[in-house]
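Put the two chains together into one complex; each comes in its own frame, and the hints tell you how they fit.
Going down the list, the sequences are from chains A and B.
Numbering that gives the first Met the number 0 puts the first residue of the first sequence at 0, with every later residue one more than the last.
Numbering that gives the first Met the number 0 puts the first residue of the second sequence at 0, with every later residue one more than the last.
Some clues are possibly wrong.
[What the hints assert, rightly or not] FRET-style restraints, in silico, Cβ to Cβ:
(1) Gly150(B) / Asp133(A): 28 to 36 Å
(2) Gly26(B) / Gln69(A): 44 to 52 Å
(3) Met383(B) / Glu97(A): 35 to 43 Å
(4) Asp133(A) / Arg341(B): 16 to 24 Å
(5) Glu50(A) / Gly345(B): 54 to 62 Å
If you are wondering where the hints come from, they were derived from the structure by calculation, not from laboratory data.
Note that CB positions come from ideal geometry on N, CA and C, so glycine has one too.
For reference, the chains in residue letters:
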Amino acid sequence: MLSRDEEEEIAGTLARYADRRAALPEALNIVQRYRGWVSDESVRDIAARLEMTPEDVDSIATFYSMIFRQPVGRHVILLCDSVSCWIVDYHVIREHLERRLGITLGQTTADNRFTLLPAACLGACDHAPVMMIDDELYLDLTPDRVDDILAQYSS
Amino acid sequence: MTNERPLTGDMRADGEPLTLVEYERAGGYQALRKALSLSPQAIQDEVKKSALRGRGGAGFPTGVKWSVVPMGAQARRPKYLVVNADEMEPGTMKDRWLLEGNPHQLIEGIIISAYAIEADVAYIFLRWAYKRSARLLEQAIAEAHDRHYLGKDILGSGFRLDVHLHTSAGRYMCGEETGLLNSLEGKRATPRAKPPFPQVSGLWGKPTVVDNVETLCCVPHIVSHGWEWFKALSCTENGGTKLFGASGRVKRPGLWELPLGTTVGELLHEQAGGMRDGYAFRGLLPGGASTGFLTEEHFDAAMDFDALEKLGSRMGTGTMIVLDNQTCPVGTVFSLLSFFARESCGWCTPCREGLPWVTRALQALEEGRGEPIDLEVLEHSIRMIRMNYTFCALAPGAMMPLETALKYYRADFERHVTEKRCPWRG
Numbered sequence: 000m001l002s003r004d005e006e007e008e009i010a011g012t013l014a015r016y017a018d019r020r021a022a023l024p025e026a027l028n029i030v031q032r033y034r035g036w037v038s039d040e041s042v043r044d045i046a047a048r049l050e051m052t053p054e055d056v057d058s059i060a061t062f063y064s065m066i067f068r069q070p071v072g073r074h075v076i077l078l079c080d081s082v083s084c085w086i087v088d089y090h091v092i093r094e095h096l097e098r099r100l101g102i103t104l105g106q107t108t109a110d111n112r113f114t115l116l117p118a119a120c121l122g123a124c125d126h127a128p129v130m131m132i133d134d135e136l137y138l139d140l141t142p143d144r145v146d147d148i149l150a151q152y153s154s
Numbered sequence: 000m001t002n003e004r005p006l007t008g009d010m011r012a013d014g015e016p017l018t019l020v021e022y023e024r025a026g027g028y029q030a031l032r033k034a035l036s037l038s039p040q041a042i043q044d045e046v047k048k049s050a051l052r053g054r055g056g057a058g059f060p061t062g063v064k065w066s067v068v069p070m071g072a073q074a075r076r077p078k079y080l081v082v083n084a085d086e087m088e089p090g091t092m093k094d095r096w097l098l099e100g101n102p103h104q105l106i107e108g109i110i111i112s113a114y115a116i117e118a119d120v121a122y123i124f125l126r127w128a129y130k131r132s133a134r135l136l137e138q139a140i141a142e143a144h145d146r147h148y149l150g151k152d153i154l155g156s157g158f159r160l161d162v163h164l165h166t167s168a169g170r171y172m173c174g175e176e177t178g179l180l181n182s183l184e185g186k187r188a189t190p191r192a193k194p195p196f197p198q199v200s201g202l203w204g205k206p207t208v209v210d211n212v213e214t215l216c217c218v219p220h221i222v223s224h225g226w227e228w229f230k231a232l233s234c235t236e237n238g239g240t241k242l243f244g245a246s247g248r249v250k251r252p253g254l255w256e257l258p259l260g261t262t263v264g265e266l267l268h269e270q271a272g273g274m275r276d277g278y279a280f281r282g283l284l285p286g287g288a289s290t291g292f293l294t295e296e297h298f299d300a301a302m303d304f305d306a307l308e309k310l311g312s313r314m315g316t317g318t319m320i321v322l323d324n325q326t327c328p329v330g331t332v333f334s335l336l337s338f339f340a341r342e343s344c345g346w347c348t349p350c351r352e353g354l355p356w357v358t359r360a361l362q363a364l365e366e367g368r369g370e371p372i373d374l375e376v377l378e379h380s381i382r383m384i385r386m387n388y389t390f391c392a393l394a395p396g397a398m399m400p401l402e403t404a405l406k407y408y409r410a411d412f413e414r415h416v417t418e419k420r421c422p423w424r425g
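Next up, chain B with everything else stripped away, as it sits in the complex (with noise of 0.2 Å):
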């Protein structure tokens, strides 16, 4: 019998970290020697056919972005993997669960992947805020050293990786995939064209892939247990648990993993206890600030990356934030808003210059100086701010919950204009 959650099962109940004794115990390291005992290629080919999506908030498939790199002696060295855990999306704290809970699991996974690209040097981004995961990762590494699951000959394989710690200095922009990539090398976080893409010419112009901590957590398993196994753990054709969340007004906040596909609904009310007393639903972003509302219409359907873009939304990180009845709509998006105006890098126009004017428009609204035209510059602003206008997703996923919420609150922002007043502050 295997364990249908693979990432989470085995975590101490008391949340101190699984040590490195308790990891190997419960099967730790032992998809590393399998692993070793296979080609690249042929690990890529599993992590492809497991359906396996990245769970950083795009939802690319792991196995075709791997597959972009240039394997091989022809291939430019050294080549890096980058592991992105500078999680910063609001409303997201599912990678610290991973990063505190079992280390290990994360740097099991991290091996098996650098061995599938054959990568040499590994650098694991860490978002400054996070320091408890710092003290467990720098133990975590140094302890896969001793054990030589690190280092110059791992396991006797010959293959050789080793893994640095980096600390971000704190920007939203580190997340993304290209504005990690110049921070790491010491510059300012903005994005890169694309292409050339980092698997071809990433860190210092090298062959990189750059994941999410919960994707390389999924690897081992992948690898121990197949891309059949882990293909089924999902109820949709994507593969896989999700480590899901939410937050607000809900009776009991929190993270479960859960197979891909679960539905809104369900986490809503059988995992997070539906809402407090004394507060009503009104709606839910599924999977951090850059998702599009949901609402009640929506509680049928799957936490899925597919499920969720079908209705104008995405599952993002798949940490869900939960808005309450006694909570202005309104202000919700200011509040995000304001966000991603300050943390926009400023590269381009669009994003530098339409995220504050969108901003400058809600806080009018909510202070009651809110005049017709302004829901004109909110729909304006959907129109012009969007993918392929910006030079990356960030303000396209700023749009995404105030288009969703001038859909389904659109009485309330009118209410701002005609009453001059934010109706939640009295």
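Chain A with its partners taken away, still in its complex shape (with noise of 0.2 Å):
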């Protein structure tokens, strides 16, 4: 069942758009904000909200990359795999992160605190590698800098 902060938020977006299903981007956004991943479960409340079926709202979930239909750890890193990163150092850093967290690129850490995921191109290529954990952005990233920046999701 959507919560109530889910439904408010839901129909906020709503009048927005001249059409119901214009909205269900939005919803999926809310939804996963919430519960940090979308759900089976959720994607039948969301598509009762919006009139849709189910399999319709699916292939929209699916569709978007950043719409998780998996569960993911508390916080989601999401590291740059785009050319201007793949040139600096993008290699140095996946092999970084893998080895610190014990998991390759789509895993979640076993105290599942963190799901790796590749994102294309975060729009910060003068400061690469970069890459985004959660709503932030991290530039210029050595390996040092991201045994810092992890530590700071750590305590």
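The following block contains the structure:
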């Protein structure tokens, strides 16, 4: 079931569009913000709210990269693998992250703290290599800097 | 004396956004007042004569795009202006500068442009990753409402406009004009057939113009200072300054607002400071992932739509990606094509099937499993994946770096086959 907060936020977005289904991407974003990911149950709830079929909702949810249809850790690390970062030490940062976290791209740490995912260009190419953790963007990464950043999320 | 860097010259040095008060003090929203005293047609004419070309990558003349919108009482309503702020072209970070540095400049550009096409509603389609931009835009929209720059009766003119922020859920295809419109309607971001063009039948079938952030930010300055001034800012036949950038192993990666037509060599050497110590130049993509490689012989070329097209490349977004001698060109192209294959929306076969095929051939080369036939696969793909064979420009754009890499770095591709390894990985 959608929470009251989720219901209210979805209702708020409906007013912005000429058609109900246009609120779907935002509805998925809203549910994910509260729950971390979008479960089958949430797909059905959103479908009911927007008068769509669950299959239709799922075809959108699975199309967009930033909607998670599987559980993720408490923090999602998005490591840019596009060309500017790829040229400037992407591999060094990726190997360092994978070694430090004990996981590879697409996995979640055993303590459920971090999920590590690849991301397309994050639009900060003059500060490559870069990554985002949740809503925060981190620039000019080095292995030492990655250690400092991870420490902030580990306390 | 007018500012020679109209889009960024007034921005703060500390990276904080220009506040509404600061923007107004610098002349902000004066262009809106002037625009509202003119007819929509007069603004369209001004923009057309300014030779402003779209800054999102395709470079279509903005005034021409607007001129197709049905006007007057006969036009179907509501009409929409959609801002393409879904910046996701690899190597591109220019719109973020405008969004975070001076959000009100974009809002003013939106209002004037909406007035020029008689739009009723505007949407800003923003990249999900631009969290700071989202906060700043929400605030700027609210402030503009408070000052009566937006809403029912803008500055007493009778013109009405609402602006909504829409945050994408992440997909490169959302940056494609018609894919963006489908996405905004809550559908998958697949491209639409043209015609009908969006200006006639766009968002929810209504007349719609989709313009890039940087394009719209030029509009207030054109209105304030006139088309002749704007045209004279450029070194070429196309008007204005341009946000240029550089990334890769250069001394000073960054962004600069410079006259359109500044040379490739000046950007690389004067602005970006040349290559970092220990690295030598091999080539560059002048404007994002879907442009073709340029080399030393092109240093005198103007960074301009027409000039770069003649060289078998494109200006694209104007933010160059620099390839150095310690980075494998085959690996670089593999990285580029992996992006395009992953982001293909799957709508048409050459892109959905072709890009993964190309990517597998490049991967085989990189992993030392390459055969001579893999090079033939790449050549064949370049012939078969091109404009008019695909539904949109995504896959043909992906072929540009591949085609030019095969032209300029052919020997490196062949070494991967003959040596059965990537020479850069030892």
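Consistency of the hints with the structure:
1. Roughly 34 Å separates the CB atoms of Gly150(B) and Asp133(A), a value that falls within the hinted 28 to 36 Å.
2. Checking the proposed 44 to 52 Å range against Gly26(B) and Gln69(A) shows it holds: the Cβ atoms sit about 51 Å from each other.
3. Range check, Met383(B) to Glu97(A): about 37 Å between beta-carbon atoms, so the 35 to 43 Å window is met.
4. About 22 Å separates the C-beta atoms of Asp133(A) and Arg341(B), a value consistent with the hinted range of 16 to 24 Å.
5. For Glu50(A) and Gly345(B), the Cβ-Cβ distance of about 26 Å falls outside the hinted range of 54 to 62 Å, so the restraint is violated.
In this structure, only the earlier hint numbered 5 is contradicted, and the remaining ones agree with it.
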